[in-house]
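Asks: Listed below, chain by chain, are the residues.
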Amino acid sequence: MRKRKGEKKIIGLMVEEIISDFSKEYIQSVINAVRPDDDIRLIVLAGKYIEDTDAFDDIRYYKTVYNTIFRLGEQCHIDGLIIHLGSMSAEKMARVKSRYSQHFYDIPKIFVGLKTDKYTTVNYDHASGIIEAMDYLIKGDGLTKFCMLGGREDNVDARDRKEIFVNCLRSNGLVYTEDQFENTDMSTGCVEEATALLDRNPGVQAVFCVNDASAKGLYDAMKLKDLTPGKDILVFGFDNTRMSGSLSPTLSSIGSSDCTLGHKALELLLKKLNDEEVESAFVPTRLYGRESLQYEMYDYSFVDMANADQSFINRMFDDCFYRYKSELNDDRAVDLKRLFNIFMSKIFLAIKKRYISFEEYNEIERMINKFFEKGIMEYTDAIKLINSLERLQNSLNSIQRSPSARIIVNHLFSVMRNNAICSIAEQKNIEKTAFTQTRNNLQEFLICGMQSEGTPEQNSEKLLRMLGLLGLQNAVLYLYDEPAKFDHTHTMMFPEELKMKCVIKAGKLYLLPKERQSCILSDLFIRDELPLKCKGFATFIIFYGDYIYGFLMCELAGDIYDRGEHIAIQLGKSFYINDMQSKNIIDNDKE
Amino acid sequence: MITWNFQYISKTRLAEALKQFSHNTRKGDILIRIHTAIHTGEEAVDLAKYIKTIVPDAHIFGTSTSAAICWGRLVQNQCIISVTKMSGGTVRSTLLPTFDDSGKPVPPEILALNAKAVLTGCETKMLLTFTTRKYLDIVKLIDKCNEYFPEVQMTGGFANISNVIADKMNTTGFVFNENMWTDKGLLLASIGGSELECYSSYATGAQAIGAECEITDSFGGAILSIDNKDAVTEYYTSVGNDADNPSDVTELFPYVSSEASDIPIFMVYFDKTSLNDLYGENSPIFSTIWSERKDLDKDEKRKLLCATYNLKAGQKLRRAFIYDRKIISDNHALFRHIENFEKAETIFGYSCIARSTIYSNCMKWEISAYANSNICGCIVEGEIVHMNGQNRFANLSFVVSALGEAPCTQDYNPYAFSHTDSLAADNQELLNYLYEVENKLSLSSHEMAADKMKVFVRDCELKLLYSENEDIPNAAALNMDVKLKYLDRICMINVFDINSMETVFSKHMIKLTYKNYISSCANFAKQKHYTFYIISDWQVAIAAPSYMVSLAEFTEDMEYLQRSLFEATAEYIAIVPIFCVLNKCTVDTLYSAYYSARIEMMQKNIQFYVRDATYGQLDEDSIRERYHMVNVINYAIAHDKVIPYFQGVYDNATNSIHHYEALMRLEDEKGKVYLPASFLEVARSYGLLYDTISKIMLSKVFEKFSAIEDKSVSVNISVRDLKNSDLISYIYDFLSTAKHPENFVFEILENEDIEDYDELIGFVDKIHSLGAQISVDDFGSGFSNLLHIANIHSDYLKIDGSIVKRCCDDQESRNLIALVANWKELCSKKFGIIAEFVENDDIQKVILNFNIDYSQGFLFSTPEPDIKGL
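Chains as they are written, first to last, in this note's numbering: chain C, 1 to 591; chain H, 592 to 1461.
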């Protein structure tokens, strides 16, 4: 492969799947770790998890073809790889590895969520968060009856978490039997397993779920039994995904405390690419308390508050907006932490002085509005924020003595709360609009595809033009002249020659003229035509049945995690139909 | 009236001078003022006596001082004598005791009456008054004088003393005449006459702020309570200091009395001092005041705030502070009055010792405005000023009086008012103090004090931080806000070429444009909630904190502003404002980043620029490396370690070394050899170092080759060298006397920024006319202007090594070599082509293919300090 100097570094992210909450956030955390000056292009190669026990049915077949996407990691130019295949058992890993060439091994790699000495790895330090939670429950609340909703047997993280859970119980002198444990597929659909677990353990006081998705299953199971998480049974999950804040009641969850997995992995990979020595790393975890298990990470003491200490305000910020610190700060963007610090200091000072001027009040209000306008809600979940604000407000009210200042400060708090609620509502609205829009787009796309009266060439061009209807902002479509056939042996390689058919930049579709279309597979990720401003792309394979038509690369933004595969399927199907029709025309002509 | 100042050197010199003076036959009263910082009391009286023997009818008026004012300068450790001879007016003088035989102070009424008795009937207009700090009732005394001598202007104050003399005499200052010296006396000199007119005024620089307060208890000069609160605590908390452990800020933040709000009251802070320590109960001086206040605990060790004279309960005070712009404007007003006074035959000037402690440059600066006049006076500890027809005792003031009997003007130095930077620099300390106070304020636990304080600090800042004419904050305010409000996104806006604007347009038009420019920027900033500052005339800044605006938004706004300024209508002059947006600014990086960005912008001719303030800041290692390099260069210069190395240039026609190129090397004390790449840049940035090593290098090469007939040498000449007239004349001198000037080739670097081609061509022609040769070095390394190269009639052209190096692999490099070779063929004037960096046979083969005349490189010769066979 050619040496490329002074150009964008291509970093591949291999993930088991793209659609789960965990994956989305993990990928996002890598994107966030890319600084604006870094010349890096992230390429997500997401597959489908196949369990060995899965039946050999259509879905498994689909998944198998789908997973050929990983071949791109070998066939295309990539400078470094971050691989997170958490559920890959060691033996399966060995099996998979044997299919790859030497070249693939030479690419610098970081493995996430893998226990091995052979490679540089990044893992959660599961113990710190789980022990924090268990200690709080056992020593603090005196609970004795625990259960765990576990993961798949072959998932390294799941096994780890179980082991620590069991050790926690035993070291605290509590009994553990396998009855207290149930395996799940770690998805939200584990209601059945959760019900079984609850049935076996009628008096259970707290349940640890191996991840947030499985906690959703437990929630559903509890609902059927008319039990409320947080009241009847305390529940806590793992990964602290955004889902934990949107469940009702909100889910307490263990998550990274300072630095995310993705951040750490990218940091190590970049060092490796610079030929620096790197060592495997652990990312420490903490328990983030929410309604399902009330737990305060920090105490707001009166002394701190009365002194309005800077570090205290910063801690308060870290508590309220716990995602902010783990997302890399861009020094060109608005520094929200400092903004919070400034207006909070002003509020504290007002309380101390028992006076706040009208100008000052306006100024603070403007700051608060700016604070929310600049998207602070991205970094927290609403309920947690509102609770934190309430707690703070109550504490402040209890220490202050001037009624006039109190009224104004309380007003400022209500400005904050209103802002928080408004921005959630707005977000929901945007999501809803986007969802409708997406559905309409797809519908239009499908309808347009139905009318095919021109020549096959005209039809395929029309198909390409229709791509503009899908509402993608930045994307590139590569197609083979002739669809490649899926090869059932594991040595399947994609053909080298393909065409770059069209590019979507900032929502505008550009069809490439014929003479500029040709492209070789290894250049897939380094083409100059790729929109430059995108930090990364998700790559989707376009196929229908055995026929592989090409690849769609979409910017890692918006709801592409959810929609990408769906779009690819629709495209595949459209190309297939188009092909069939043109074949029919040809056949008809022959006749 | 004539006045004549001179410095006392010796009695003989003095006699000489005074005799000349008394030769002036016209009769008239004579006043001789002596301000000495070098005489003890006895010595001073001796001097006065001596003067009296020479000028028997002179009135001698002597004071001790710590420094005299003369010729618009402060003269330390000298004795200054000023002789004033009246044309028709009268001078009377008297020395009255201020304490009676029992040691008790003479009541002010009696003292004033005594003075009146002596001075009746001499049409007194000006009363020069000096006393000593021991007399605490000065305020009352002056009040009485106002009563007894209506319409008389007084000037003078407490005599001060230099440290040396104070050690010898154990006193605080004394006054003297030919009869006696005393530290308990009142020395008066009355100047009068029907023709005499005088004008007195003063400057302080004090700005009163905040509400009035009242002395509720005092003892002598000590203020015991203000508004019924402990005076020390009240004062220090009110200026943001720690009352328990105060620092000395009494001079920066004095009190003023509310009826004379620009006259500060000088106070001294004492810790662990009892009233008895300060005002000894047994001393007759204080016996009266002690008898009045039996209620006080005289031995309690406490913190005290004391003025230098008695203060009475009930006096209303205000807080004040002293800052540069007020000092300037006060002085300007004072200066204007003196300058416009018609009969300014003689100028007296008295300045308070404390002025030098507030601002180190203040005193020197304000006296310098009178540099060409006959001003004479001295440093005092308290002054008497004349304001609104009344005389007052004052502190911390600069007093100037002009007097004369006939119309007269003097030369002054009004330029002092256009050079006030030294004062502004002093302001930094005050600002720093205010920063600290602000910081402390946010942590302060005294709520009420903090509140009051905040108002006070804000008032100070308002005065300090706003530019003179408009209500817009200035550069100091920007610094402060960067520090305190974390403003870290700053756009510096500047308009250049004001001079050319002034040559074409009317002042009025420029003023209009300026107003529009400032108000456009200010309004835009206000609308966007940014802060706006006027840094200097046309330079302004708009700042925003990173917690309120992203860089992208800020930049976009600034671009918009720039466009809208461009698009100003025909009513104004079209200006080109230059915008420089700096991100991540701190107080330390702001200006350095701006200056370096501005240079870059000028060079590249760009009008809008965005950069990080941290960008281009040297890291510690590279700074250390630079200093190391400077040391190496200095060592090499001092220890003769600038060493020319010589590399042979191979003649491809004759297959022998044709000539040598001299290359500079430095050696450090360990013998390590440095190549030019490592030291030239550093040497250049310290221009003189570069000049020195260049000269050494040239002289060594000249020396080595001056006697050689058959070998020539080439040496590098940079553009900087061409500007060094010393070096150039050294070269010319050498060549004009050299035996074989044709043996010397000067290599001019092609890639340097050559601004003045005429100068270069002049050099080339001169070198040719002197018989030496020219080579163009590194041809093809910069973006050449080929016409320039063609116009330099060089004898050699050296193809840049980077081209030669790659000629085996790279067709483009070969093409370039071919181009040069073909060019030579076409030229009428022949020159030799040299290829450098010929490192191996392959390169040499290519070079030979193009018929290049000479090859230089490791293949043929490595640089050595010695040449074989020479």
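Note that these hints are calculated values from the structure, not bench results.
Don't take every hint at face value.
As the list claims (entries may be wrong) - Below 25 angstroms or equal to it, Euclidean Cα-Cα: the simulated DSS-like pairs (lysine-lysine) are:
#, chain 1, residue 1, chain 2, residue 2
1, H, K863, H, K725
2, H, K1076, H, K894
3, C, K370, H, K1076
4, C, K535, H, K1175
5, H, K894, C, K337
6, H, K725, H, K892
7, C, K346, H, K725
Please read all numbers here as calculations on a predicted model, not as lab measurements.
Asks: Against each hint, give a clear statement of whether it holds in the structure.
Replies: Hint check:
1. Under the criterion of a C-alpha separation no larger than 25 angstroms, the hint pairing H:K863 with H:K725 is consistent with the structure, at around 22 angstroms.
2. For the proposed pair H:K1076 and H:K894, the alpha carbon gap of about 36 angstroms is over 25 angstroms, so the pair is violated.
3. A threshold of 25 angstroms between alpha carbons decides the hint, and for C:K370 with H:K1076 the separation of about 17 angstroms falls inside it, so the pair holds.
4. Taken as a hint, the C:K535 and H:K1175 pair is honoured in the structure, with Cα atoms around 24 angstroms apart against an allowance of 25 angstroms.
5. Between H:K894 and C:K337, the direct Cα distance comes to roughly 45 angstroms. Violation of the 25 angstroms bound is thereby established for this hinted pair.
6. Proposed proximity of H:K725 and H:K892 is supported: the alpha carbons are some 23 angstroms apart, at most 25 angstroms.
7. Restraint check: the Cα-Cα separation between C:K346 and H:K725 comes to about 52 angstroms, which exceeds 25 angstroms; the hinted pair is violated.
Hint compliance for this structure: hints 2, 5 and 7 are not met, and every other hint is.
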